[in-house]
Amino acid sequence: MPSQDSGAIDAAPNAPRSRADLFWSFTWLALQGFGGVLAVVQRELVEKKRWLTREQFVEDWAVAQIMPGPNVVNLSMMIGDRCFGLSGALAALAGMLTVPTVVVLLLAALYSSVADAALVRDALRGMGAVAAGLILGTGIKLIGALRANAMGMPACIGLALATFVAIGLLRLPLGPVLLVLGGAACAWAWRRLR
Amino acid sequence: MNPAVTLGAADWLTLFTHFLSLSLLAVGGAITTAPDMHRYLVGSQHWLSDAQFNASIAIAQAAPGPNVLFVALIGWHVGLNAGGGAAAGWHAQLLALAGAAVAMLGILLPSGLLTYSATRWAQHRRELRAVRAFKTGLAPIVIALLMATGWLLTAAHDQPARDWPLWLLTAATTVLVWRTRLHLLWLIGAGAVAGMLGWV
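Chains A and B supply the protein sequences, listed in that same order. The first sequence begins at 1 in this note's numbering and counts up one residue at a time. The second sequence begins at 1001 in this note's numbering and counts up one residue at a time.
I should point out that these hints are in silico values taken from the structure, not numbers from a laboratory. The structure presented is a predicted model; accordingly, all values stated were derived computationally and were not measured. All residues carry an ideal CB built from backbone N, CA and C; glycine is no exception. Any given hint might turn out to be false.
Claimed, not checked - Pulled a few chain B residues facing chain A out of the computed Cβ check, cut under 10 angstroms:
hint, residue
1, L1025
2, A1030
3, T1032
4, L1146
5, A1156
6, I1188
7, V1193
8, M1196
What the hints assert, rightly or not - Partial list, computed: chain B residues near chain A (C-beta under 7 angstroms):
hint, residue
9, A1026
10, A1060
11, P1064
12, G1065
13, G1085
14, S1111
15, T1136
16, A1148
17, Q1159
18, A1161
19, W1164
20, L1169
21, T1170
22, T1174
23, G1191
24, A1192
Given the sequences, and given the hints that come with them, work out the whole structure.
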């Protein structure tokens, strides 16, 4: 595959061929993403297209999640920019948003006629349970990427558990949790990285 | 009832700046700013109804694509109300599209510019110890955030006697995603069918 990247994703076997490839890849990703696009991004970009390794994906995802704005939208811009600069970022962004926006507006126009249909409600209930499983399964897969983490596996597991308890069980707000646990994690990583 | 709304040029600008002002606060996704959107657009301005607001979120979550599209739907509803409702014809549809565009542009422009410049900066300095420490440190945190999101979605159904089939479906999906390469659309389709058959 011809690759125009600047060596940034040199460890990944493949790269997008063109801006059109970026646009359509992200369109297709977004259209598969019911209840969130992240599981699909991991499956398509890491496992199928191999534009990123699992470790790169976790790093990029961390940045995309920390920056303000929708995570997967941030991620698409980062990947697009790395391959083709600003025009690549815009191509990926447009792919992520254009067709899905048309779809969602059409659905909204139809919604008033089906909002009360019990069948639709039941289908959404089932899809919601699957969407939760997609997220959990993706999370479990990504744990493997932590083996390469410079902080060491025990520290990673400890930080992950603390975060899960704070957000998932104690339901603390995201901002302070990121500040405290994320800050501690970055400081620890800083010490370990030489 | 959907409110009848009159939007002047100043109101359109206000709508735009409201989304602009929330954009940089949306760490963890635009959905985290939904309460403030509700407070302002439904509560103070009465530009859309409670039902329209809730439908915007529900539809965007059920539809494929990033969940941020709920913002487009909120703008769409505001525009539709300003045009006299869906029954008012193409004029209302046009205003609805304008509303969707204004809302999306507002919510994406500041955060997009910031993320773009910040990640570019970090990309050029990726060997820097601070940049590496940032990415290394946050990796386990964001994986845990992902798991917590999945957990919270599941825990929203909190009546074991009624909801255990849903939990089973979530658990089965988790294992299938983790251990197999089954196409994710099959799983979503299976969930829809299971729901329609009344299994979950």
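For each hint, the structure was consulted:
1. L1025: Holds, about 7 angstroms.
2. A1030: With a minimum Cβ separation of about 6 angstroms from chain A (threshold 10 angstroms), the hint on A1030 of chain B holds.
3. T1032: holds (7 angstroms)
4. L1146: With a minimum Cβ separation of about 4 angstroms from chain A (threshold 10 angstroms), the hint on L1146 of chain B holds.
5. A1156: holds (9 angstroms)
6. I1188: Result: holds, 5 angstroms to nearest chain A Cβ.
7. V1193: holds (7 angstroms)
8. M1196: holds (5 angstroms)
9. A1026: Holds: closest Cβ of chain A sits about 5 angstroms from A1026 of chain B, inside 7 angstroms.
10. A1060: holds (6 angstroms)
11. P1064: holds (5 angstroms)
12. G1065: For G1065 of chain B, the interface hint holds, since the closest Cβ of chain A sits about 3 angstroms away, which is under 7 angstroms.
13. G1085: violated (11 angstroms)
14. S1111: With a minimum Cβ separation of about 3 angstroms from chain A (threshold 7 angstroms), the hint on S1111 of chain B holds.
15. T1136: Holds. Min distance 4 angstroms.
16. A1148: Holds, because the Cβ-Cβ distance from A1148 of chain B to chain A comes to roughly 3 angstroms (cut-off 7 angstroms).
17. Q1159: violated (13 angstroms)
18. A1161: violated (16 angstroms)
19. W1164: violated (11 angstroms)
20. L1169: holds (4 angstroms)
21. T1170: holds (4 angstroms)
22. T1174: Holds - the Cβ of T1174 of chain B comes within 7 angstroms of chain A, reaching about 4 angstroms at its closest.
23. G1191: Cβ of G1191 of chain B sits 3 angstroms from chain A, so the hint holds.
24. A1192: holds (4 angstroms)
In this structure, the hints that do not hold are numbers 13, 17, 18 and 19, in rising order.
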